[in-house]
Amino acid sequence: MQGPRPPRAWPGGSRAPSSRRTSTASLASLGKAPRSGAHVGSQGALQVFDEEGKNVTPQPLFHPDPNAARQEKTHGSSTSPSKAALDETEPAEGPALSWSAGQQQQQEEEEEAALSEAELEQRVEVLLAETDTLWMLHLPPALLSTEAQEAPRVLERNKIYAEICEAKIGSEYFEEKIVQTISGAAKTKEVQCETINVAEKGTMVTPWDLGDSLDASGTEPAEAEPPESPAGKSSKSPTAEEQGEAGAVPSATESAAPASSPEEQECHSGAILTSAKLQQDLVVMERILMENIFQPKLAVYRQIPVLIEPVVTSDTEEEGDEEDDDEEEEEAAEAAESPAEGAGPRLELLWSYGCDLTRGHSVSSMAWNKANPDLLAVGYREFLSRDQRKGLACCWSLKNPMWPERIFRCEHGVTAVDFSLARPHLLAVGTASGRVAIYDVRSRQDSALLDSSASLNKHKGPVWQLRWVEQNRGAAAGDKEERLMCISGDGRVTQWFIQQRLDCSDVMQIKRTESEKKKLPGERERKSEGPISQQAAGMCFDFHPEDADIFLAGTEEGHIYCCSCSGKEQILGTYRGHEGPVYKVAWNPTSTNMFLSCSADWSILLWHRDSHSPLLTFTSVTAFVHDIKWTPRSALMFAAVNEKRVEIWDLSVSIFDPVLSCAASPEGNLSSLLFARNAECLLLGDSSGQVGVWQLHSLAVPSTDQVGSLYDIVASAGAL
Numbered sequence: 001m002q003g004p005r006p007p008r009a010w011p012g013g014s015r016a017p018s019s020r021r022t023s024t025a026s027l028a029s030l031g032k033a034p035r036s037g038a039h040v041g042s043q044g045a046l047q048v049f050d051e052e053g054k055n056v057t058p059q060p061l062f063h064p065d066p067n068a069a070r071q072e073k074t075h076g077s078s079t080s081p082s083k084a085a086l087d088e089t090e091p092a093e094g095p096a097l098s099w100s101a102g103q104q105q106q107q108e109e110e111e112e113a114a115l116s117e118a119e120l121e122q123r124v125e126v127l128l129a130e131t132d133t134l135w136m137l138h139l140p141p142a143l144l145s146t147e148a149q150e151a152p153r154v155l156e157r158n159k160i161y162a163e164i165c166e167a168k169i170g171s172e173y174f175e176e177k178i179v180q181t182i183s184g185a186a187k188t189k190e191v192q193c194e195t196i197n198v199a200e201k202g203t204m205v206t207p208w209d210l211g212d213s214l215d216a217s218g219t220e221p222a223e224a225e226p227p228e229s230p231a232g233k234s235s236k237s238p239t240a241e242e243q244g245e246a247g248a249v250p251s252a253t254e255s256a257a258p259a260s261s262p263e264e265q266e267c268h269s270g271a272i273l274t275s276a277k278l279q280q281d282l283v284v285m286e287r288i289l290m291e292n293i294f295q296p297k298l299a300v301y302r303q304i305p306v307l308i309e310p311v312v313t314s315d316t317e318e319e320g321d322e323e324d325d326d327e328e329e330e331e332a333a334e335a336a337e338s339p340a341e342g343a344g345p346r347l348e349l350l351w352s353y354g355c356d357l358t359r360g361h362s363v364s365s366m367a368w369n370k371a372n373p374d375l376l377a378v379g380y381r382e383f384l385s386r387d388q389r390k391g392l393a394c395c396w397s398l399k400n401p402m403w404p405e406r407i408f409r410c411e412h413g414v415t416a417v418d419f420s421l422a423r424p425h426l427l428a429v430g431t432a433s434g435r436v437a438i439y440d441v442r443s444r445q446d447s448a449l450l451d452s453s454a455s456l457n458k459h460k461g462p463v464w465q466l467r468w469v470e471q472n473r474g475a476a477a478g479d480k481e482e483r484l485m486c487i488s489g490d491g492r493v494t495q496w497f498i499q500q501r502l503d504c505s506d507v508m509q510i511k512r513t514e515s516e517k518k519k520l521p522g523e524r525e526r527k528s529e530g531p532i533s534q535q536a537a538g539m540c541f542d543f544h545p546e547d548a549d550i551f552l553a554g555t556e557e558g559h560i561y562c563c564s565c566s567g568k569e570q571i572l573g574t575y576r577g578h579e580g581p582v583y584k585v586a587w588n589p590t591s592t593n594m595f596l597s598c599s600a601d602w603s604i605l606l607w608h609r610d611s612h613s614p615l616l617t618f619t620s621v622t623a624f625v626h627d628i629k630w631t632p633r634s635a636l637m638f639a640a641v642n643e644k645r646v647e648i649w650d651l652s653v654s655i656f657d658p659v660l661s662c663a664a665s666p667e668g669n670l671s672s673l674l675f676a677r678n679a680e681c682l683l684l685g686d687s688s689g690q691v692g693v694w695q696l697h698s699l700a701v702p703s704t705d706q707v708g709s710l711y712d713i714v715a716s717a718g719a720l
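Counting in the working numbering, the sequence shown runs from 1 upward without gaps.
I should point out that these hints are in silico values taken from the structure, not numbers from a laboratory.
Hints may contain errors.
Pairs of lysine-lysine residues, derived as DSS-like cross-links and limited to a Cα-Cα distance of at most 27 Å, are as follows [as the list claims (entries may be wrong)]: (1) 458 <-> 390; (2) 370 <-> 480; (3) 458 <-> 511; (4) 629 <-> 644.
Construct the entire structure; sequences and hints are all you get.
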């Protein structure tokens with residue numbers, strides 16, 4: 001039997017089919033519970049009941065407002081069923097009605113809007129506040145408003161600064177300097193191939209050369225087939241007997257040839273080319289050609305008149321015209337020799353010592369021969385390679401500026417050279433490996449006369465400077481002995497003895513000292529820390545011009561020590577003023593208590609022996625100062641070279657600016673300088689292997705009547 005049909009909700013929600021329409025009012029009046037049907041509540045909500053009277057009103061599955069379900073739980077009424085009642089409901093049978101979810105949501109919103117009078121009268125406070133400010137970048141202003149409170153004080157300070165700047169202009173106590181900054185990381189640049197050099201070469205051919213070449217080509221044997229015999233058969237090759245008979249009869253050409261064979265001729269020509277007589281003749285011829293090429297420049301160097309080639313004239317010209325031409329040539333020569341007046345000090349390049357062998361090497365040191373002032377020794381170390389493995393020591397002569405007279409090859413870079421005074425033919429050479437060698441320039445061999453390789457006391461660091469020094473070794477005043485002194489990067493100052501072998505002994509060992517720190521009040525002295533910590537690398541030295549037992553030693557840490565060769569107290573004084581390695585020190589030849597020093601901190605310092613602080617500081621460019629020398633013309637002038645420029649300072653003119661500053665090496669960096677002994681010239685060595693000879697023009701030499709001593713000039717400058 002089929003059961004009753006479940007209730008059905010029509011889309012209209014208000015009306016069902018007429019056959020099943022039931023009036024809820026009639027049911028209520030009869031007092032009977034309806035079996036099934038719909039009921040409208042007091043709030044207008046439609047409810048559906050089953051036959052047993054249970055509420056089976058369908059619940060909506062979708063709530064437009066998410067708070068609708070929560071509001072139904074919290075604000076329940078008699079018209080809406082509870083959760084327990086819904087759980088107890090069973091599936092209804094018969095039709096059911098539904099109503100729109102929008103009307104239910106509107107009803108719930110109206111219920112929420114209805115507030116009680118107590119809630120309406122309650123006071124609600126709303127506080128509005130600003131969030132914290134986050135500063136991403138703060139730049140203080142450089143300008144100030146004129147209406148600010150600090151404006152008068154700032155205007156007064158600006159006015160005082162402007163007055164100070166105006167007062168400093170033109171004052172001799174004002175000097176403008178450049179502050180040293182931290183340089184960036186060094187960068188290296190490498191190339192994979194060598195520079196391709198292009199050269200033009202040619203030769204001259206005479207008619208005799210053409211004739212000899214044609215004769216030589218005609219005597220060559222021709223590879224031709226022998227002629228056929230009249231019978232039509234080819235002739236056979238001659239037998240050995242026929243060849244012997246034919247060779248016994250000489251031809252006309254063979255009778256004219258020399259009796260010697262080609263091998264004997266080659267041996268004879270080779271002996272001629274290797275003979276000492278021919279080599280000596282070639283040297284003389286080469287020097288004659290160099291004299292002709294460099295004659296005008298050598299004449300300027302020697303300070304002698306320049307030779308002018310005579311002008312070839314005809315016999316018909318008058319004698320008066322010849323005299324006028326001679327006078328004009330003499331005037332032109334004098335004008336060429338004398339520089340223009342009022343041009344100021346300047347340098348003129350005469351020539352350069354250099355060749356293909358020295359290209360790519362850096363000039364490390366130079367020294368004149370004590371007996372022959374035209375003989376110059378130059379030390380080279382390789383500039384392009386990092387390991388500094390190769391070195392040269394060359395002797396240049398004034399008679400041939402294009403090729404050295406002697407070449408001594410070393411395994412490591414040459415760092416120092418010097419000629420002996422007692423034996424001028426001996427040349428001492430120091431290398432970057434610590435090797436000390438002595439060469440005989442009279443010999444044409446490349447090997448060293450004496451070497452320190454077998455010495456047990458040889459240097460472990462580079463020999464940065466060496467010098468032959470005469471020292472008193474006896475009671476008599478004339479009893480002097482010449483010793484070779486060296487300073488090395490291992491912190492040792494040694495003297496070398498020339499006996500059967502080359503050996504040395506330590507004069508002193510330079511110790512590294514701690515920086516001086518001021519003692520704070522109440523601070524105790526630290527007894528555990530000593531003043532000497534370790535050895536300091538020696539860079540340069542210079543002996544006193546009057547007392548050979550006293551010398552100055554510059555170190556890598558920037559200190560200068562005044563030392564004594566004899567006595568218990570070897571260090572007589574310490575001079576601190578440089579911030580970098582000290583490259584050179586030089587005593588003043590006249591004021592023997594004054595000396596100069598140059599360093600990698602871009603400065604040149606003037607010192608007094610009794611003062612441990614510098615008297616004057618000379619700084620003009622931001623570059624390392626590699627070398628300094630006092631001029632032989634005056635004790636108040638000195639020259640210095642940095643990486644790009646050469647400077648000449650005249651302390652009688654100015655202590656702030658050099659009187660001459662020019663770039664003297666367009667190809668490389670300047671590394672060393674040396675004054676000529678018998679000419680007013682300056683020699684400059686650079687990193688490209690060139691040694692330029694420069695003449696000094698219009699350089700005024702101060703006289704002793706116009707200025708006092710160097711000490712008086714420094715005192716007048718306020719340094720003492």
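**Study point:** Numbered hints the structure breaks, given as an ascending list
**Key:** none
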